[in-house]
Amino acid sequence: MSAYLQKLVEGKIDFEGQKLVERIARDTLIAATVISFLAGFALQSIRVTFGLFALFVVALSIAVVPPWPAYNRHPVKWLPAVDTKAT
Amino acid sequence: MHTVYSRINNVSAMLSTCIMGLLAAVSLSTFLFTADPKGTLSVSSIQVFPGNARRYANKNQDFAFVNFNVTADLTPLFNWNTKQLFLYVSAEYESKRGVKNEVVIWDRIVRRKEDAQLSVAGRNKYVFRDMSASFKNASPANYSLKYNVMPYVGVLTYGEAAKTTHPVAFPERQELS
Chain A
778 MSAYLQKLVE
788 GKIDFEGQKL
798 VERIARDTLI
808 AATVISFLAG
818 FALQSIRVTF
828 GLFALFVVAL
838 SIAVVPPWPA
848 YNRHPVKWLP
858 AVDTKAT
Chain B
129 MHTVYSRINN
139 VSAMLSTCIM
149 GLLAAVSLST
159 FLFTADPKGT
169 LSVSSIQVFP
179 GNARRYANKN
189 QDFAFVNFNV
199 TADLTPLFNW
209 NTKQLFLYVS
219 AEYESKRGVK
229 NEVVIWDRIV
239 RRKEDAQLSV
249 AGRNKYVFRD
259 MSASFKNASP
269 ANYSLKYNVM
279 PYVGVLTYGE
289 AAKTTHPVAF
299 PERQELS
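Chains as they are written, first to last, in my numbering: chain A, 778 to 864; chain B, 129 to 305.
Worth double-checking, as some hints may not be accurate.
Unchecked claim - According to the in silico footprint, chain A covers these stretches of chain B (three or more CB under 8 Å from chain A):
1) 138–148
2) 202–209
To be verified - Far from chain A by the CB rule (all over 10 Å, computed), these chain B residues:
3) S157
4) S172
5) F214
6) E230
7) K253
8) P268
9) Y280
10) T285
11) G287
12) A297
13) Q302
Claimed, not checked - Here are a few chain A residues that sit away from chain B, every Cβ distance over 12 Å (derived from the structure):
14) R824
15) K854
16) T861
It is worth saying that the hints were derived from the structure and are not from the lab.
No residue lacks a Cβ here, since even glycine has one placed at the ideal position from N, Cα and C.
With the rest of the complex left out, here is chain B (with noise of 0.2 Å):
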């Protein structure tokens, strides 16, 4: 402490040792915070249509399109350390053989509390296919919104907040006339 040097040098260590704290305790204090907010999400339509990979211009491939309508409030997810939400509606089935798919279709991202309201009319955001490049071993898909909290400091949560009430089944691959 004799020089100035060391005064910063002393003051320094001991400001990061409390910066530490102070993270530490912000991020503990998320989870005062509970909060489980439910919405609904419908599909109101789905077509499949054939069309070509797009990597491959050989390849057949069966592309779905699904218009669906969610509504959530989510404003109880933002808190101090709550930086921004991540949303997303992710369609989930089954193939013929067991195996599970998710599929996430369409995502935002909200930052202020504002816009936690959610109301939107949409279709899928990408490209929604399968893996064996058809629909007809597909079982009947529940579609979900999902959100992902993240915060300033700490860790990050997951939650869901609406879902389909039926599964809905994929209809049978419509040509392009």
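Okay, chain A solo, but in the shape it has when bound (with noise of 0.2 Å):
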């Protein structure tokens, strides 16, 4: 039971998973960025620009922390295990 809980806390994803999550993140923030402050700007509304901003973030927090299964497609390969007693 706890064995499964902390698996579900630590939330682990594989090396590609990470490349992938990386790339999300810093393209989207950006994105958001300049999308939201030219949508405030355009509008004349700062609450347009932060309520956009914050709309982006929300789903980025849910897209990229979460572990989900898309993230774990490419397990590192571990050798089999070298039996050391054989001499």
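Both chains are given apart, each in its own frame, so use the hints to dock them into the complex.
Below you can see the structure in the form of structure tokens.
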């Protein structure tokens, strides 16, 4: 039970998943900054800017923080165990 | 990025940098909006009465009571980055020895564009007295409506929207009958 809980809280993802998450987070945040600034400036409302930015952040957190199965598609291939007793 | 905690850590670091960039962009965008609204300010009546200073009941002081009319359209000052306008009417005069005085006699905070059409027939909100307890050495005063634009993010900017065309002299002190 505690091992399952630990796994859940840790939320590990494999290396390919990490690369993907890094790319998604960086691109989304930069796009969010630009889009929310332009939208707010066009509509002349600072509420639009920060509201839109907050929505982007919430969506990004949902997409990136939990360990979705999509981020575990390339698990590390460990070599088979070597029997140390053989001489 | 391997655990939930480190993903939250990474995303929040990038997030705070992006927010800083966004705030800098918002504050810089304010410089694109240049507005210099003008209005009119006139003093309809001014009286000087003697009275007692609030703190020291024995100290005799001159108090000036100014009634003024001010109209101004300050809506051009409202852009997306304007949080509120602080308006104030101030009297500027010199003493006989050349000391410049600037006294704020009325102010108002304007938070919405709809409230920025100013048309006020008011009197001084604050006690108008001279540091030297008497107005007999005061030069005629120029009254002006000044504004301070307070942004959501960025630098405070100041401006003057209206001024009396001729200086208004302080009358002789009237004794209360």
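Consistency of the hints with the structure:
1. 138–148: holds (count 6)
2. 202–209: holds (count 3)
3. S157: violated, 6 Å
4. S172: holds, 38 Å
5. F214: holds, 19 Å
6. E230: Non-interface label on E230(B) holds, nearest chain A Cβ at 33 Å vs cutoff 10 Å.
7. K253: holds, 31 Å
8. P268: It holds; P268(B) is separated from chain A by about 43 Å at its closest Cβ, greater than 10 Å.
9. Y280: violated, 5 Å
10. T285: The assertion about T285(B) holds, with a minimum of 17 Å to chain A.
11. G287: Since the minimum Cβ distance to chain A is about 20 Å, G287(B) lies beyond 10 Å and the statement holds.
12. A297: holds, 45 Å
13. Q302: Holds, because the least Cβ-Cβ distance between Q302(B) and chain A comes to about 51 Å, which exceeds 10 Å.
14. R824: violated, 9 Å
15. K854: holds, 17 Å
16. T861: holds, 29 Å
Of the hints listed earlier, those the structure fails to meet are numbers 3, 9 and 14, in rising order.
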